[in-house]
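Engineer: Protein chains in written order, with our numbering: chain A, 39 to 403; chain B, 2 to 295; chain C, 119 to 429.
In case anyone wonders, no lab produced these hints; they're calculated from the structure. None of the values given here were measured: they were computed from a predicted structure. Where a beta carbon is used, it is the ideal one built from N, C-alpha and C, also for glycine. Please note: incorrect hints may appear among the correct ones.
[To be verified] Here are the in silico distance ranges between beta carbons for each label pair:
| # | chain 1 | residue 1 | chain 2 | residue 2 | range |
| --- | --- | --- | --- | --- | --- |
| 1 | B | 136 | C | 212 | 33 to 39 Å |
| 2 | C | 333 | A | 95 | 46 to 52 Å |
| 3 | A | 221 | B | 209 | 55 to 61 Å |
| 4 | A | 147 | B | 293 | 53 to 59 Å |
| 5 | C | 315 | B | 17 | 20 to 26 Å |
| 6 | B | 293 | C | 168 | 42 to 48 Å |
| 7 | C | 208 | B | 151 | 30 to 36 Å |
| 8 | A | 166 | C | 340 | 17 to 23 Å |
| 9 | B | 279 | C | 386 | 38 to 44 Å |
| 10 | C | 333 | A | 147 | 17 to 23 Å |
| 11 | A | 77 | C | 230 | 49 to 55 Å |
[Said to hold, decoys possible] Sample of chain A residues lacking proximity to chain C, with all beta carbon distances greater than 12 Å (derived):
| # | residue |
| --- | --- |
| 12 | 119 |
| 13 | 145 |
| 14 | 146 |
| 15 | 203 |
| 16 | 207 |
| 17 | 256 |
| 18 | 275 |
| 19 | 298 |
| 20 | 309 |
| 21 | 311 |
| 22 | 317 |
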Amino acid sequence: MPAVSFEHIVKRYGAVTVLDDLNLAIEDGDFLVLLGPSGCGKTTLLNLLAGLLEVSDGRITIGDRDVTELDPKDRGLAMVFQSYALYPTKTVRGNLKFGLAASKLPSEEVERRIAWVAKMLQIEPLLDRKPAQLSGGQRQRVAIGRAIIKKVDVFLFDEPLSNLDAKLRTEMRLEIKKLHDELKSTVVYVTHDQIEAMTMATKIAVMDGGVIQQFGTPDEVYEHPANLFVAGFIGAPAMNMRSATLAVKAGKVEAVFKSGARLDVSDYPFQAPARDGLPVVIGMRPEHFTIGEPASGGTAQFTLPVLSAERTGSDATLYLTFEDEMLALRVAPDLAAGLRVGSTVPVQFQAGKANLFDAQTGRRI
Amino acid sequence: MRWSRIAPQLALTPALAITAVAFVGSIGWTIYLSFTRSRRLPEYGIDWSEWGRQYDRLFRDAGWEISLRNLIVLGLGSALAIVFGFILAAMIDKEKRGESFFRTVFLYPLAVSLIVTGAAWRWILNPTLGAQSFLRSLGWEVDFNWLAQGDTAMYAIILASVWQSAGFYMALMLAGLKGINTEIWSAAKLDGVPLWRVYLEIIIPMMKFTFITCAILLSLGVIKAYDVVVAMTNGGPGQSTWVPAYFTINALSAKSNLGYASAAAVMMLVITLVVFIPLVALTVWQQRKREAAR
Amino acid sequence: MSQVSVSERAAAAGEVPVTRAPYFVRKKKGITPRSIAVLVFLTICALFFCVPLYVVVVTSFKTMDQIREGAIFTLPHIWTLEAWDHAWNHACSGIKCDGLKVGFWNSVSILFPSLILSISLAMVTGFALALWNVRWAGGFLFLLFICAFVPFQIIMYPLIVMTTTTKIYGTLWAVAVIHAVLAMPVLTLIFRNYYKDIPTEIMSAAMMDSGSFWRIFFEIIVPMSGNILIVVLILQITSIWNDYLIGVTFGGLTGQPMTVNLANLITISTGTTNYAHNMAAALLTAIPPLVVYFLVGKLFVQGVTAGAIKG
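Use the sequences and the hints to build the structure in full.
Structural biologist: So, in structure tokens, the structure goes:
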């Protein structure tokens, strides 16, 4: 039985339809990340689940309960907000206690839970401070504490890390992941940061324009993007996209680029038999290129001029010109250091790792 | 049904009931009464052949005419408070020294009841024992016996209300001036523009919202002016300092003429609306502008 | 009504931009002739503003004999509290001559229930309108906005009838309740505008944690209302205390506030007027709001300008 399911969800604001007939089901214990650019409807979806917004049509269930018409407090959820939303006039203890306001627990149990949360999140010394006296990371912990103190089955996170600096963000990412493993609860997590999505999620729903573009594990989403939007949105540097036409001849499938260059894609797992002359878009991840002379067959070779190189220390991105456009490659830093701008390099692409999309529909073929 | 939808509506019931009964209902009631012949007690029959008789009488009433004329005089006279308030604010803002002292002094009259204000000015304007006699003893032939004469009594009321409200407009203007970017002063200084021209050609046009707000607030205040009239002259001498607010209450309490008082009150509402509609337009306009700026 | 209530209108109007420019730190230089001229002018204006207060104060300490000399600006030859004593204990209002103390205690008894009623009503209403999802909130707000500008005269007679029917007409309660009713639209708009600025996420969090209207109100919202509460409190204290019209209309003979006593005293047309008594009475009436003003003047200013006008 799914932990959370959305059935035929419609959300309209006046004449504007934000979500139209959206369906999504999450299994118990999943860590679902709703990923997408701003305005894609992911926060709306989260707020609908929380009950902070009301659906125009459709049904939301949590466990075996239909919660569509329930108040937020009755849905058995806890939520962590982007701005933490701590009550400024209450102490940390007061904030945690108010997290249990709807639960009518005996006061010993409340105290016990505060102690448990404080210990787990290491905020014991802060219990009597006001939010204004806390650092960003500490506020984040309190906000998480106020959610987990409820001991509910489903936790919601609304871009909880976007107000933190890079270092704290990495720390908290690990911590949230750890909490999820410990509590074995279901999490719905909204973010526009794909690193957060890739590192924490067990399932990712990539959203755009109010539609779920792809729903799957992080690996599926990364390696087999369902359409051009997902392919372009996930991955940094972004996947390289080039238009081409398929040429099918004697069981061999080749992609012919505009310049006439050819790429043998016979190994590509076509979902339907390849059609000759089909205009496609080929997506090539930066890390699936290698520099140097070809090894044994199955790899295509290009010789491309160097545009520039960016070294980040552990990693380097090499920019070459291919089909009049910039092509990003991930390479070893020392390799990038040895290249001169304007010189040409031999490049191999692992054709088996290519992603092919129908140029017209944008869908994976 | 979601409780979160019901609870706020329940909490709003008292306010809604008050609005419906004490405001909307009462206004309707008074408008209705203005069409009846009610005198001391309400009569609810309307004689449709002459439903406007109270208004007919009102427009022919010399007292009402005086009230309207005084309203305009008071409005124009009180406008001095805005001018005065702006001058004070500009000086305080430019000088900065003693800002909080001057602000405290200019604003204290606002904290005092208009009845007290009236009492004080009445005493100062006392012809035999007040400022006039003092100044005459110094050899200045001045005539401050404003309150006793019908054609000058309004000036005394204007004086008292300007004294009372100038600080308020100063405070509004000061807030407006503080909102002006300080770079404008530097720019004007670099360009060598004389100060009075900076005010006239740049600052005042920039503060037009503040000025319009002040003007509307002033108009609404003038329409409601009652306390100051009671305390200074009690309408006299004769009817020379009657204003609509005074006229209406006088018709109800002294003349016990309910229908007539209601008609006068309706006219007051109409005058208020004339001032109020530009205010709504202004608010909407400003909001649009603010949104456009975003 | 008084100018203070005009300032309340400003609150509803939400006009003046209050973005405060950072203080322009200038180099301390010597006083220029222009500065001197400005300061002299401001000082003269300040003196003009202080004249009535000065006159009232010195007159209240004079004997009637000295007043008859006609030198209004001189200090008292003999400082006497006779006029103060008379005004407090024996001044006549109408046919009763029990002094202003009657009106003073009436005003106090009107002030407190009226403050509690008007502010609590406005807080709850403002909270519900600002932070809860009520479909007709927009229309109701507009209605309140209009009500805030309605002249008192147009609802005066119906309110008299209503207070008479409920048998509170002529009592302190009538005055207190009518104050609360008339202040409701403006105060609601002030609180609503203030609460509108509370981050929506805090409200969302409270909806998930508690969901109870009253619990959120008392535990989260009221503690967050400190600033606006004080500003409104000062606004209401001065406007209720200084009111005359409502007091004279609904107070009857037994529920008259101090301003009505004072007005009766100074507009009396029979006999000789004792100006020392009048001025002492005026000062007694003015002292409570003036004390508030000089104690928390900054907040009063905020009340009548920035704080209340904040849109």
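Engineer: Give a verdict on every hint.
Structural biologist: Hint check results:
1. B:136 - C:212: 33 to 39 Å: holds (36 Å)
2. C:333 - A:95: 46 to 52 Å: Distance hint for residue 333 of chain C, residue 95 of chain A is violated at roughly 32 Å.
3. A:221 - B:209: 55 to 61 Å: Roughly 60 Å apart at Cβ, these two residues keep to the hinted range, so it holds.
4. A:147 - B:293: 53 to 59 Å: holds (54 Å)
5. C:315 - B:17: 20 to 26 Å: holds (24 Å)
6. B:293 - C:168: 42 to 48 Å: Distance hint for residue 293 of chain B, residue 168 of chain C holds at roughly 46 Å.
7. C:208 - B:151: 30 to 36 Å: holds (34 Å)
8. A:166 - C:340: 17 to 23 Å: Given a distance of about 21 Å, which is inside 17 to 23 Å, the answer is holds.
9. B:279 - C:386: 38 to 44 Å: Hint holds: Cβ distance 42 Å, inside 38 to 44 Å.
10. C:333 - A:147: 17 to 23 Å: At 19 Å between Cβs, range holds.
11. A:77 - C:230: 49 to 55 Å: At 52 Å between Cβs, range holds.
12. 119: violated (4 Å)
13. 145: holds (16 Å)
14. 146: holds (20 Å)
15. 203: Given that every Cβ of chain C is farther than 12 Å from that of residue 203 of chain A, nearest at about 20 Å, it holds.
16. 207: holds (19 Å)
17. 256: holds (28 Å)
18. 275: holds (34 Å)
19. 298: Holds, because the least Cβ-Cβ distance between residue 298 of chain A and chain C comes to about 56 Å, which exceeds 12 Å.
20. 309: The claim holds: residue 309 of chain A sits with its nearest Cβ about 42 Å from chain C, beyond 12 Å.
21. 311: The claim holds: residue 311 of chain A sits with its nearest Cβ about 51 Å from chain C, beyond 12 Å.
22. 317: About 46 Å separates residue 317 of chain A from the closest Cβ of chain C, which puts it past 12 Å; holds.
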